[in-house]
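Using the sequences and the accompanying hints, generate a full structural model.
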Amino acid sequence: QQQVKQSPQSLIVQKGGISIINCAYENTAFDYFPWYQQFPGKGPALLIAIRPDVSEKKEGRFTISFNKSAKQFSLHIMDSQPGDSATYFCAASIGGFKTIFGAGTRLFVKA
Amino acid sequence: GAVVSQHPSWVICKSGTSVKIECRSLDFQATTMFWYRQFPKQSLMLMATSNEGSKATYEQGVEKDKFLINHASLTLSTLTVTSAHPEDSSFYICSAILSRLQETQYFGPGTRLLVL
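Keeping their order, the protein sequence lines are chains G and Z.
The letter at position 111 of the first sequence is residue 111 when you use this note's numbering, and the numbering goes up by one with no holes.
Take the position in the second sequence, starting the count at 1, then add 111; the result is the number in this note's numbering.
Heads up, a few of these hints could be off.
Here are the computed distance ranges between Cβ atoms for each label pair [as the list claims (entries may be wrong)]:
# : chain 1 : residue 1 : chain 2 : residue 2 : range
1 : G       : M78       : Z       : T215      : 21 to 31 Å
2 : G       : F97       : Z       : E133      : 21 to 31 Å
3 : G       : S7        : Z       : W121      : 30 to 40 Å
Keeping only pairs whose Cα atoms sit at most 27 Å apart, straight-line, the calculated BS3-like set for lysine-lysine is [said to hold, decoys possible]:
#  : chain 1 : residue 1 : chain 2 : residue 2
4  : Z       : K177      : G       : K42
5  : G       : K15       : Z       : K152
6  : G       : K57       : G       : K15
7  : G       : K110      : G       : K68
8  : Z       : K175      : G       : K98
9  : Z       : K131      : G       : K42
10 : G       : K98       : Z       : K166
11 : G       : K42       : Z       : K125
12 : Z       : K175      : Z       : K131
13 : Z       : K152      : G       : K110
14 : Z       : K175      : G       : K42
15 : Z       : K152      : G       : K71
16 : G       : K5        : Z       : K152
17 : G       : K15       : G       : K42
18 : G       : K98       : Z       : K131
19 : Z       : K166      : Z       : K152
20 : G       : K42       : Z       : K152
21 : G       : K68       : G       : K5
22 : G       : K98       : Z       : K152
It should be emphasised that the hints constitute simulated quantities derived from the structure, not laboratory data.
Where a beta carbon is used, it is the ideal one built from N, C-alpha and C, also for glycine.
Here it is, written out as structure tokens:
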């Protein structure tokens with residue numbers, strides 16, 4: 001019940017394309033859903049986050065879509081760039097605590 | 112703002128020795144800090160939650176006598192890996208939140224530990 005399932009495991013996108021990463025959760029007590037970007041050898045950096053009372057949130061090229069009834073949320077990266085090549089993690093927490101991370105998606109954007 | 116640092120960035124030690132990793136919030140006071148462990152090409156696993164001035168709360172399966180956490184001030188938490196063994200080799204990452212009213216975690220750059 002504590003798991004956050006993330007897919008795909010890896011993703012290759014052409015420059016300018018849309019990258020889509022999906023996550024699903026089971027615990028309805030989760031109330032905060034962040035996405036993190038991690039480069040090799042570095043700590044994760046917050047990209048964007050959403051709460052379950054909102055169905056969509058957009059910040060620049062990054063958009064989270066949230067489906068509360070399906071317990072799913074996704075990250076869309078518009079106009080993907082080679083610099084976006086990194087590992088992306090979705091996560092879920094209760095008020096920022098007990099954060100559970102997805103398995104990660106390794107994104108490669110081809111120039 | 113909201114910068115978290117870790118020291119050292121990497122450390123190599125002999126089996127049986129203890130290693131201390133520091134996590135500092137540089138421009139804010141962190142009432143709560145978290146410690147994570149990450150194996151190569153894997154996800155982050157929460158090890159413990161550290162609150163200033165109180166004992167850390169460890170996740171199930173994490174040995175508290177093995178991984179000693181001290182949160183002595185609002186800007187510093189330390190993780191000591193005691194009697195380290197090769198299987199403790201990993202990437203250790205800390206994070207901090209501004210207050211219990213905010214969910215955003217600010218992560219440190221991580222510390223890579225290699226136990227020989």
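To see whether the hints hold, each was checked on the structure:
1. The beta-carbon spacing between G/M78 and Z/T215, approximately 23 Å, falls within the hinted interval of 21 to 31 Å.
2. The supplied range of 21 to 31 Å is met by G/F97 and Z/E133, whose beta-carbon atoms lie about 22 Å from each other.
3. Our hint of 30 to 40 Å for G/S7 and Z/W121 holds, since their Cβ atoms are close to 32 Å apart.
4. With a C-alpha separation of about 25 Å, the suggested pairing of Z/K177 with G/K42 holds against the 27 Å cut-off.
5. Note on G/K15 and Z/K152: the hinted pairing holds, with a Cα-Cα distance of about 24 Å set against a maximum of 27 Å.
6. With a CA separation close to 23 Å, the supplied pair G/K57 and G/K15 stays within the 27 Å bound.
7. Pair hint G/K110 plus G/K68 does not hold up; C-alpha atoms about 33 Å apart against a cutoff of 27 Å.
8. At roughly 17 Å between alpha-carbon atoms, Z/K175 and G/K98 fall within 27 Å of each other, so this suggested pair holds.
9. For the suggested pair Z/K131 and G/K42, the alpha carbons sit about 19 Å apart, so the restraint of at most 27 Å is met.
10. In summary, the hint linking G/K98 to Z/K166 is supported, as the alpha carbons are separated by about 16 Å, within the 27 Å threshold.
11. Of the supplied pair hints, the one linking G/K42 and Z/K125 holds, its CA atoms being roughly 24 Å apart against a limit of 27 Å.
12. Proposed proximity of Z/K175 and Z/K131 is supported: the alpha carbons are some 14 Å apart, at most 27 Å.
13. As the CA atoms of Z/K152 and G/K110 are separated by approximately 21 Å, the hinted pair is consistent with the 27 Å bound.
14. With a C-alpha separation of about 26 Å, the suggested pair Z/K175 and G/K42 falls inside the 27 Å cut-off, and the hint holds.
15. Under the criterion of a C-alpha separation no larger than 27 Å, the hint pairing Z/K152 with G/K71 is consistent with the structure, at around 26 Å.
16. For the given pair, G/K5 sits about 16 Å from Z/K152 by alpha-carbon distance, which is consistent with the 27 Å threshold.
17. Under the criterion of a C-alpha separation no larger than 27 Å, the hint pairing G/K15 with G/K42 is consistent with the structure, at around 24 Å.
18. The hinted pair formed by G/K98 and Z/K131 meets the criterion: a straight-line CA distance of about 24 Å does not exceed 27 Å.
19. Simply put, Z/K166 and Z/K152 have alpha-carbon atoms about 31 Å apart, too far for the 27 Å limit, and the pair is violated.
20. A C-alpha spacing of about 12 Å is found between G/K42 and Z/K152, which places the hinted pair at or below 27 Å, so the restraint holds.
21. In summary, the hint linking G/K68 to G/K5 is supported, as the alpha carbons are separated by about 15 Å, within the 27 Å threshold.
22. Simply put, G/K98 and Z/K152 have alpha-carbon atoms about 21 Å apart, close enough for the 27 Å limit, and the pair holds.
In summary, the structure is inconsistent with hints 7 and 19 from the numbered list given earlier, while agreeing with the others.
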